[in-house]
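Chemist: Residue numbers (the numbering used here), protein chains in the order written: chain A, 88 to 307; chain B, -2 to 229; chain C, 403 to 595.
Since the hints were derived computationally from the structure, they do not count as laboratory data. None of these values were measured; they are calculated from a predicted model. Watch out, some of these pointers could steer you wrong.
Beta-carbon label-pair distances, calculated as ranges [stated by the list, open to error]:
#1 B:HIS177 to C:LEU439: 18 to 24 Å
#2 B:THR62 to A:ASP256: 54 to 60 Å
#3 B:LYS176 to A:SER247: 29 to 35 Å
#4 B:LYS176 to A:PHE249: 46 to 52 Å
#5 A:PHE249 to C:ALA469: 15 to 21 Å
#6 C:PHE503 to A:ASP250: 38 to 44 Å
#7 C:GLY447 to B:ASN170: 47 to 53 Å
#8 B:LYS45 to A:SER247: 48 to 54 Å
#9 C:LEU466 to B:THR94: 30 to 36 Å
#10 B:GLY27 to C:GLN489: 21 to 27 Å
#11 B:THR146 to C:LEU582: 29 to 35 Å
#12 C:SER486 to A:ALA216: 31 to 37 Å
Computed list of lysine-lysine pairs in DSSO-like fashion (alpha-carbon distance at most 27 Å, straight line) [said to hold, decoys possible]:
#13 B:LYS75 to B:LYS45
#14 A:LYS187 to B:LYS135
#15 B:LYS51 to C:LYS560
#16 B:LYS45 to A:LYS187
#17 B:LYS45 to C:LYS529
Virtual Cβ for every residue (Gly too), placed ideally from N, Cα, C.
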Amino acid sequence: MVSPDKSSTDEFIKGLWKENPVFVQVLGMCPVLAVSNTALNALAMGLATAFVLIMSNIVVSSLRSFIPKQVRIATYILIIATFVTVVDYVIQAVSLDLYKALGAFISLIVVNCLILGRAEAFASKNTVARSIMDGLGMGIGFAFALFCLGAVREILGAGSLFDVQLFHDSFQDWVVMILPSGGFFTLAGWLLLFNWLKQRKDKREQMDKSATLTLSKETA
Amino acid sequence: MSRTELASRPAPPSIWHMYRAMVGVGVFCGLLIVTVFQVTRPVIERNKAEALQKAIFHVLPNASTSTTYRLDESGGFKVLEGEGVGEQLVYAGYDDTQELVGLAVEAQGMGYQDVIVLIYGYSFAEQAITGIQVLESKETPGLGDKIETDPDFLQNFERLDVSLRDDLSEIANPIVPVKHGEKTNPWEVDGITGATISSVAIADILNRSAQYWVPRIRNNLSDFQGHFQVGE
Amino acid sequence: MASESLWTIFINASLVNNFVLAYFLGICPFLGVSSKLETATRMGGAVTFVMLVSSICAFGIQLLLVAIDAPYLKLISFIAVIASTVQLVEMFIKKVSPALFRALGIFLPLITTNCAILGLALFQTNKGYNFVQCIVYALGAGAGFTLALVLMAGLREKLELAEVPDVTKGTAMAIMIAGLLSVTFMGFGGLGG
């Protein structure tokens, strides 16, 4: 869907909040929740996913006239898998500790519905420049959402952020936050928040609409 | 449909186009992966070797260099040449005077949540395990993961007796886990209250590994280079 | 080579480290399918079958890759195999039981991007399981997935009739229930040791 009236910056911004992949579209959470139990791990996974998203958007967009419709899904998956393999080796080379913490979940980025979704819905139909913007926006939005998850889990579950102790020793860690159940609860918490904000906005829009209606009725 | 409409419809892609796309993308991807692989491989190998060295020197405190040995088919030990994939390995630690201070061995087994991988140091002079380091563990944070941090628990492994019977056939007293505070013998592992299963797992892993390796090591002492003392 | 017994592997994969409730794998179909008990059981069965076949194929591929020293092709080959397996399973079910095929409908292709299947292949490779261990692992993972799915479906069916705050309707509620299920499954810890 090419939107000629949307500037490039609009494509970038939409991924950050309005169409945030995790909170609004509830996309692509599977692989990342398991390793989002600390802020660092979550951020690393988010950035790795963003990298794959941006790179695959670029490649898919540049080759969009070259790839026939019939084989597009297969080629997209091939491209995404390639970049995921690249990220896997890069992380291994940069930090063995981080790699041990994230493990096989890095490779699972390849089945993240978000990346394939953006390739299919956007990159295959837009220019490289816009696809980069879209990838950047969605990717950073995703990383940001993951960071929120990881930060909450680490702060409550271990009393620290990026391994820096925040609370006094007497703080009783909510260990459950570090465990998988904590991941579910934290995600549910964030979704609740977003649902509530959305409901408030919808209600306000409705009130505004009925207000303008009554106004127009009066003036008519 | 009018002729112009027919003509303006895009022609269906030929087999050639599909083939070209898949192969083209395939070649591009292949090149990218192989390049990154070749570039990162030496860095990764170096990182892994460094991490292993650090672990070895942690469990063999006086060692400053190490040589890797593999268990060969005849039951003896040979210096490892090459990669050593799938081989059973032990790491000999030497101090500054080239004295063999002990061997480091990797072992693994099921913990509470998932498999625990650890490395421990065996000292000839003491005839005991003199240090352990947990390499991989998914034990419950705050509970099971105390096996890595609890000082009382770690004290177990400053001198965990694994001396052999007189005929050098097997360990005289297998390593057994006991409840916290009930340790009376040097071959017992004092557990952690609240992390029973994890502590029992550690004792189990060490026991099974020591039962396997210590007799083999002691019966093939001459295979190891360097001078060393053996305790009674 | 892994040292765990077959029983330990099975219990570990199905209960202690349940793929859905401990590893968060397979959430998409989990949330999408799990609102009706009947579809849940069917989906679980299909996933188990695909897991079994994929596990065997992944084992074979890993052997091949080690032989030709091309470990970097692991991810791509796994995905290709899983996608093909799902296609084959779909055709197989269509032939053998058209009724079942109609019932499963859209879900079968969804299994392709099911993180659980790829996760299974990757985990078993990392753990270095031999052939029999792989099979048991796949069966355990499938059983665990089905169990989680069925429990979830049952709970959600009941929840349809209950009054819940508007804010929680939909995905948020499903995820909270999943969280509670995850906590209960923690009680299985230590069972496999």
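Chemist: Honestly, do A:PHE249 and C:ALA469 meet the 15 to 21 Å range at C-beta?
Modeler: At roughly 43 Å between Cβ atoms, C:ALA469 and A:PHE249 fall outside 15 to 21 Å, so the hint is violated.
Chemist: Measuring from beta carbon to beta carbon, are B:LYS176 and A:PHE249 in 46 to 52 Å?
Modeler: Once the Cβ atoms are compared, 38 Å apart, the range 46 to 52 Å for A:PHE249 and B:LYS176 is violated.
Chemist: How does the Cβ-Cβ distance of B:THR62 and A:ASP256 compare with 54 to 60 Å: does it lie in that range?
Modeler: violated, 40 Å
Chemist: Mind checking the alpha carbons of B:LYS75 and B:LYS45 for me, to see if they're no more than 27 Å apart?
Modeler: Holds, at roughly 22 Å.
Chemist: Given the hinted pair B:LYS45 and C:LYS529, is their alpha-carbon gap at most 27 Å?
Modeler: holds, 18 Å
Chemist: Taking 27 Å as the top limit, are the C-alpha atoms of B:LYS51 and C:LYS560 close enough?
Modeler: Cα-Cα ~55 Å, so violated.
Chemist: Quick check: does the Cβ-Cβ distance between B:HIS177 and C:LEU439 fall within 18 to 24 Å?
Modeler: violated, 46 Å
Chemist: Is it true that C:GLY447 and B:ASN170 lie within 47 to 53 Å of each other by Cβ?
Modeler: holds, 51 Å
Chemist: Given the hint of 30 to 36 Å, is the C-beta distance from C:LEU466 to B:THR94 inside that range or not?
Modeler: Given a distance of about 48 Å, which is not inside 30 to 36 Å, the answer is violated.
Chemist: That 31 to 37 Å hint for C:SER486 and A:ALA216 (C-beta), does it hold up?
Modeler: The hinted range 31 to 37 Å holds for C:SER486 and A:ALA216, with Cβ atoms some 36 Å apart.
Chemist: Taking 27 Å as the top limit, are the C-alpha atoms of A:LYS187 and B:LYS135 close enough?
Modeler: holds, 11 Å
Chemist: Do the Cβ positions of C:PHE503 and A:ASP250 conform to the proposed distance bound of 38 to 44 Å?
Modeler: violated, 52 Å
Consistency with the previously given hints fails for numbers 1, 2, 4, 5, 6, 8, 9 and 15, ordered from lowest to highest.
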